[in-house]
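Input sequences plus hints: build the corresponding full structure.
Going by our numbering, the residue at position 134 of the sequence shown is 134; the numbering climbs one at a time, nothing skipped.
Treat the hints loosely; a few may be bogus.
[Said to hold, decoys possible] The list that follows gives simulated cross-link-like pairs (lysine-lysine, DSS-like), each with its CA atoms no further than 30 Å apart: (1) Lys76 x Lys90; (2) Lys111 x Lys90; (3) Lys97 x Lys134; (4) Lys90 x Lys126; (5) Lys90 x Lys54; (6) Lys97 x Lys76; (7) Lys90 x Lys134; (8) Lys45 x Lys134; (9) Lys97 x Lys54; (10) Lys45 x Lys97; (11) Lys138 x Lys111; (12) Lys138 x Lys40; (13) Lys134 x Lys54; (14) Lys90 x Lys138; (15) Lys45 x Lys111; (16) Lys97 x Lys126; (17) Lys111 x Lys54; (18) Lys90 x Lys45; (19) Lys40 x Lys134; (20) Lys111 x Lys134; (21) Lys40 x Lys97; (22) Lys54 x Lys138; (23) Lys90 x Lys40; (24) Lys126 x Lys45; (25) Lys97 x Lys111; (26) Lys138 x Lys97; (27) Lys138 x Lys76; (28) Lys45 x Lys76; (29) Lys126 x Lys54; (30) Lys76 x Lys134; (31) Lys126 x Lys111; (32) Lys126 x Lys40; (33) Lys76 x Lys40; (34) Lys54 x Lys76; (35) Lys138 x Lys45; (36) Lys111 x Lys76; (37) Lys76 x Lys126; (38) Lys40 x Lys54; (39) Lys126 x Lys138; (40) Lys40 x Lys111.
Hints in this document: simulated from the structure, not taken from any laboratory.
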Amino acid sequence: DFCLSRGLGDVYKRQVLNGGQSNTVSYEDFIAQIGENLSKLLNSKQGSAEISEKYGMPDFNSIVHNCPQAVITMEKMIAETIELFEPRLKDTRVLGKIDTQNLGTLSFDIKANVIYENNVRPIAYKTVFVGNGKIMVKR
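Okay, structure coming up:
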């Protein structure tokens, strides 16, 4: 049970409430922690965490059959979930892609800004749906 563990609890206190200032965490660690939190968030089933009924992602199985509208719906859901539960990311944009050359693999590019030591920096993550319904998050 990770409920506000390292991914958000301590980091949130140090870096969000402190105006993005961090004297103890390097930028690379800061970005890695956000990536870890995104992975937990995007791989959690909505309603399964004690933190909130809205934490996690809804079941995409009922949405996927509505292609191409499904990708737009999923982009919106991912962006809204990130906005609610990853406050270190600002101005988040999500763009879905279907890789027709790789068995229709669905991926999403997540672009946002972070505030680190009072500087706004752009950041990008890529998510890929892998086997068994899991989402891999990488930079």
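Do the hints match the structure? See the list:
1. Lys76 x Lys90: With a Cα-Cα distance of about 15 Å, the restraint between Lys76 and Lys90 holds, given a limit of 30 Å.
2. Lys111 x Lys90: Answer holds: Lys111 to Lys90 is near 9 Å, not above 30 Å.
3. Lys97 x Lys134: holds, 17 Å
4. Lys90 x Lys126: It holds: about 16 Å lies between the C-alpha atoms, which stays within 30 Å.
5. Lys90 x Lys54: Answer holds: Lys90 to Lys54 is near 19 Å, not above 30 Å.
6. Lys97 x Lys76: Roughly 14 Å separates the two Cα atoms, so the pair holds.
7. Lys90 x Lys134: holds, 25 Å
8. Lys45 x Lys134: Since the Cα atoms of Lys45 and Lys134 sit roughly 10 Å apart, the hinted pair holds (cutoff 30 Å).
9. Lys97 x Lys54: holds, 25 Å
10. Lys45 x Lys97: holds, 22 Å
11. Lys138 x Lys111: Distance ~12 Å between Lys138 and Lys111 Cα, so the pair holds.
12. Lys138 x Lys40: holds, 13 Å
13. Lys134 x Lys54: Between Lys134 and Lys54 the Cα gap is close to 18 Å, so the pair holds against 30 Å.
14. Lys90 x Lys138: holds, 18 Å
15. Lys45 x Lys111: holds, 23 Å
16. Lys97 x Lys126: Between Lys97 and Lys126 the Cα gap is close to 10 Å, so the pair holds against 30 Å.
17. Lys111 x Lys54: Roughly 22 Å between the alpha carbons, so the hint for Lys111 and Lys54 holds.
18. Lys90 x Lys45: OK: Lys90 and Lys45 at ~23 Å, within 30 Å.
19. Lys40 x Lys134: holds, 10 Å
20. Lys111 x Lys134: Roughly 20 Å between the alpha carbons, so the hint for Lys111 and Lys134 holds.
21. Lys40 x Lys97: Holds, because 21 Å separates the two Cα atoms, which is no more than 30 Å.
22. Lys54 x Lys138: holds, 23 Å
23. Lys90 x Lys40: This hinted pair holds, its Cα atoms lying about 19 Å apart.
24. Lys126 x Lys45: Given pair Lys126, Lys45 holds - Cα atoms ~19 Å apart, limit 30 Å.
25. Lys97 x Lys111: Given that 30 Å is the threshold and the Cα spacing comes to 14 Å, the pair holds.
26. Lys138 x Lys97: Satisfied, since the Cα-Cα distance of roughly 15 Å is no more than 30 Å.
27. Lys138 x Lys76: The hint holds at about 20 Å.
28. Lys45 x Lys76: It holds: about 17 Å lies between the C-alpha atoms, which stays within 30 Å.
29. Lys126 x Lys54: holds, 22 Å
30. Lys76 x Lys134: holds, 19 Å
31. Lys126 x Lys111: Between Lys126 and Lys111 the Cα gap is close to 9 Å, so the pair holds against 30 Å.
32. Lys126 x Lys40: holds, 14 Å
33. Lys76 x Lys40: holds, 18 Å
34. Lys54 x Lys76: holds, 14 Å
35. Lys138 x Lys45: Holds. Lys138 to Lys45 sits at ~20 Å (cutoff 30 Å).
36. Lys111 x Lys76: Measuring from Cα to Cα gives roughly 13 Å; hence the hint holds.
37. Lys76 x Lys126: Holds, because 16 Å separates the two Cα atoms, which is no more than 30 Å.
38. Lys40 x Lys54: Between Lys40 and Lys54 the Cα gap is close to 14 Å, so the pair holds against 30 Å.
39. Lys126 x Lys138: Answer holds: Lys126 to Lys138 is near 5 Å, not above 30 Å.
40. Lys40 x Lys111: Within the cut-off at roughly 18 Å; holds.
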